[in-house]
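Novice: Sequence:
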Amino acid sequence: MKEKYPIIAALLLFTALIIVILPCGFGQELTVEELWGNPMEVYDLAVSSDGNYIAAVNDTGLYFFSADNPDPLWWFEAQNGFTSVAISADGNYVVAGNGTEDTGYIGYFADALSLSGRVSDATWWSRNLMGAVEPGTLDMSSDGNYVVVGGTGVNIYYFADCTSRSGPDQTWTWIDPTLGIEIYSVDMSSDGKYVVAGGLYSNDEGFVVFYKDADIKSEPVNPDWSFYEENARTTDVAVSDDGYAVVATFVHEISPRTLCYWADASTLTDSPQPDWTNDNFFTSVDMSSDGDKVVAVGGPPFDSAYLHFWSGARDLSGKPMETWVALQDVNELHATISDDGGLIVATTYVDGSHSIVFFTSDGEVIDEFPLMSSSPIISMSEDGSIVAVGGSGYDSIYVFKVTRPRPVGGLVSSPLPIAPIAIIAAIVVATVLVTKVWLHR
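Numbering that gives the first Met the number 0 puts the first residue of the sequence shown at 0, with every later residue one more than the last.
A couple of the hints might just be wrong.
[As the list claims (entries may be wrong)] Listed next, with one range per pair, are the computed distances between beta-carbon atoms:
hint, residue 1, residue 2, range
1, Glu-367, Pro-319, 38 to 44 Å
2, Glu-229, Asp-70, 30 to 36 Å
3, Glu-218, Thr-102, 47 to 53 Å
4, Pro-176, Met-320, 23 to 29 Å
5, Pro-319, Glu-28, 27 to 33 Å
6, Glu-229, Asp-89, 25 to 31 Å
7, Asn-68, Glu-229, 47 to 53 Å
8, Arg-117, Pro-167, 17 to 23 Å
Rather than coming from a laboratory, the hints here were simulated on the basis of the structure. We put the CB at the ideal spot given by N, CA and C, even for glycine.
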């Protein structure tokens, strides 16, 4: 029996290590369930980073939901409705934009978590911004204290100290009025420090502009750097939370270089060339909050758009191949990625049917659900656990819950108490057995 003691001890140690190393989520997969739908049209919607709240707007007003209930907690009826919306990380602050060709305003709602029923007015309203605040041209910092507005024509407006304002005719902290014909997209880092915008500078020239230290700028303001692309218009932009990465897409008339990625963006000046590009016709782009994962919608000229994904984007250069592509046979496609980069969601239209598809960052399809109508607007929580989609058609707003296997165990950290107990017990038993062998020699 003595000679078996070392074998038993080794088996005990191996078993204990397996308990620690192998996650208890081993074998489990991501799961998706539809929480609810609401038969309302949606011009824009936003999910709070914590996944608890959803704000949606349409031509009747602003609606504020708990993520687990299709009945709004509160709503604000606007005469001209709203066209865009943004929400703070905890859902306590909401900003919505509206307007026509010649007028536009943002309405800011503080203490949103304490409101209920029909709300009589916003906490404060901006001055006339001289044009409608379109979807994709309004953003808010995580704490709700900073708001950036484009889409009203040629101007970028930046509002600071938003949480302490009240009343009508609130003016912007700074404005950049030199940006050409139209702004189609804006994005801001979660702390409000970095802003990127893109649009049409002239009849045949798209542009991207970048502002650092936006939260402490004062007028007059000019971009820290700008980039212009001939025979094109900028369709979408995004900036990483640390200001390191900027990505933009263009629709071209001639040149097909339509996705551009800038690394070290916060250190650039003048008119820098992108670090890497892709030669397709892209309509939209998004990236993880660290800028290391990029997802875009686009395809060759005169062909259907499809889903493109790049991992390790911060270190790419030249014209890198995609990590993976998907959904090559769809007629209509919109996509976004969670802040942590772990989840990609796309809405599609194929052969008369609408659907939503969930992907892992490895390109694996998690699940797919049918939709009753086009839902091109997608927003999700920071970790992707709550996903909301919507569109301007009737019965287009849906909310989904994504459940991930709980990562437990591991060499570095194990949240299960049984794992360290098991390894300690195994070491003790193994020590005793080895000692017995040594004493009986």
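Novice: Does each hint fit the structure? Answer for all of them.
Specialist: We went through each hint and held it up to the structure:
no., hint, result
1, Glu-367 with Pro-319: 38 to 44 Å, "28 Å, violated"
2, Glu-229 with Asp-70: 30 to 36 Å, "50 Å, violated"
3, Glu-218 with Thr-102: 47 to 53 Å, "22 Å, violated"
4, Pro-176 with Met-320: 23 to 29 Å, "41 Å, violated"
5, Pro-319 with Glu-28: 27 to 33 Å, "29 Å, holds"
6, Glu-229 with Asp-89: 25 to 31 Å, "43 Å, violated"
7, Asn-68 with Glu-229: 47 to 53 Å, "50 Å, holds"
8, Arg-117 with Pro-167: 17 to 23 Å, "20 Å, holds"
Violation of the numbered hints given earlier is confined to hints 1, 2, 3, 4 and 6; the remaining hints are satisfied by the structure.
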